[in-house]
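In this text, residue positions in the sequence shown follow this note's numbering: the first is 1, and each later residue adds one.
In case anyone wonders, no lab produced these hints; they're calculated from the structure. Hints may be right or wrong, so weigh each one.
Claimed, not checked - Taking lysine to any residue pairs in the SDA-like style, the calculated list, with each CA pair at most 25 angstroms apart, reads:
hint : residue 1 : residue 2
1    : Lys225    : Val179
2    : Lys225    : Gly104
3    : Lys225    : Ala215
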Amino acid sequence: MKNTLLSLAAAWAVIAASLPSAASAQYFDDRSAGLVDEIGSEETWALEFRIGTYQPTVGAAFDTYFADDTGPLLAFEIDFLPLEIHDWFDAGIAFGFGWTQYVGFATSGETNSSTTEETSLTLYPMPVLAVFRLDALARRLRVPLLITGKLGAEFVIWNSGTGSASEATNMSIGLHWGVQFALELDIFNERAARALDEVWGINHSFLFFELFGSAAHSNLDASPKDGVAWSAGLGFLF
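Based on the provided sequences and hints, a complete structural model is requested.
Dropping the structure here:
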């Protein structure tokens with residue numbers, strides 16, 4: 001009987017000693033399988049890369065030289081989002097920088113016919129914006145959609161030239177607005193999303209489509225020809 005009791009006590013000691021490690025292993029397995037929620041670093045910044053077609057209003061001169069040229073417009077944007085109401089929205093400021101160029105052929109002043117010499121117009125749009133990002137759908141309802149509103153000022157440096165000579169350089173300033181709809185990519189592979197967060201500090205990645213407009217026409221009318229333009233791209237929240 002004594003030997004039996006000693007054997008039971010020894011077995012219980014082995015089981016008790018193994019419980020913490022087993023629990024730890026179970027937690028690790030659940031976490032790697034994407035079953036543990038609320039694993040994420042602080043989310044304060046966003047970075048977006050975008051491309052879209054764009055034609056400025058400019059006027060008859062643009063239609064003469066660049067009528068069929070739609071860009072493209074290449075740009076990036078970085079957002080600083082210090083204001084956060086948990087699981088509802090983020091707010092902050094954003095700065096963007098873009099580039100687009102239009103190329104055509106100059107005309108002869110005497111015959112008004114096209115020449116072989118190229119003429120170009122280059123725009124560098126730089127919006128400075130207040131940003132309001134609604135993320136309640138993604139955080140509270142598990143619907144992977146983000147809706148972002150943007151409003152601020154846009155500074156467009158522009159340059160025109162013929163051949164290798166720069167003819168004019170100036171800046172247009174005006175109001176800029178945008179509405180963005182984004183699809184978070186976490187839903188397609190939660191394990192990869194968690195790995196990005198743990199290794200690189202990237203909380204979420206997303207594809208987006210954005211409608212925007214500009215009233216930058218103080219020197220040259222760089223506002224979109226149809227009143228509104230679009231861009232699409234890839235973004236990261238970190």
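Structure-based check of all given hints:
1. At roughly 18 angstroms between alpha-carbon atoms, Lys225 and Val179 fall within 25 angstroms of each other, so this suggested pair holds.
2. Pair hint Lys225 plus Gly104 holds up; C-alpha atoms about 18 angstroms apart against a cutoff of 25 angstroms.
3. Distance restraint check for Lys225 and Ala215: the Cα-Cα separation of roughly 11 angstroms lies within the 25 angstroms cut-off, and the hinted pair is therefore satisfied.
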